[in-house]
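Undergrad: Here are the chains, one letter per residue:
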Amino acid sequence: MDQPQVGLVFWILSFVMLVSAFMVVSLKNIFHCALFLILCLFSVAGIFILLGAEFLAAAQVLIYIGAVSVLIIFAIMLTSNLASKKITQTNENAVVSFFVCFIFALTTLLLIGNTRVWHYAAQGAVKDNTLNLGRYLMTEFMLPFEVVSVLLLAAMIGAIVLARKDKS
Amino acid sequence: MFYYLALAAILFSIGLFGVLTRRNVIGILMSLELMFNAANINFVTFNKFIVTDGLTGQIFAIFIIVVAAAEATVGLAIVLLIYRNWRGIDMDHVRIMKW
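From first to last, the protein sequence lines stand for chains P and R.
Be aware that the first sequence starts at 4, since it is given in this note's numbering, and climbs by one per residue.
Be aware that the second sequence starts at 177, since it is given in this note's numbering, and climbs by one per residue.
What the hints contain is simulated information worked out from the structure, not anything from laboratory work.
Some hints could be false.
[To be verified] Chain P is faced by these chain R residues, among others (derived, beta-carbon under 7 Å):
# : residue
1 : Ala237
2 : Phe239
3 : Ala253
[Stated by the list, open to error] Among the chain P residues that face chain R by a calculated CB cut under 7 Å, a handful are:
# : residue
4 : Val28
5 : Phe39
6 : Leu165
Since we're looking at a predicted model, the values are computed, not measured.
Note that CB positions come from ideal geometry on N, CA and C, so glycine has one too.
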């Protein structure tokens, strides 16, 4: 919050994010939930830009909004006989879990607020964010980078195998 | 920094609420994505405010995004399978792992 404009943008983004996240977990129509999820992911990308992670914001828009949300919407459309009906979407322990989550949020906020170590001032933004990120990925984090590509391949093959119709 | 962490904590709690209360499997997966995003916000926040030289937090966030994409792929394939076997994706009916 070094400048007032940054603070204003932060409040707008966080308001949009929290309201849409609440809509995601509370709306009855699952398709509207998916659209609100897209809005929430967009505001998370905005928060990433505020935090000086431009590449991450772009990856968020490309991967989450471009791929994962489309995948979720496809799944909703393929399984739409339950999703489109206006049945109740929450189970019987909604009240209990609301209190559990409320207490969890409260204790976490108290913990964050009471920890003096975490009240750092903002550091200067790292110059050449994307350039440095690529450099790290190709030198220091080479092995995880390759492993994660194998993981993506395995996930793709696994999804194809799982979703394929049985020949028998 | 407090505001970013508080935002991530509240987002995580909302996602947790969704995971605990949703009946629909796709709803659970969407709430799971909210929790992943809360974790990502935390990583990038710590990277900006604590790690001054280096981008380790952002690289971790990238890996989290990739793993979340893989998880969503496999998860939605499993959702399709559940739908085919049970004619519905209500989690209350899917209690049998094997028979």
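Undergrad: Tell me the numbers of any earlier hints that the structure contravenes, in ascending order.
TA: Number 5 only.
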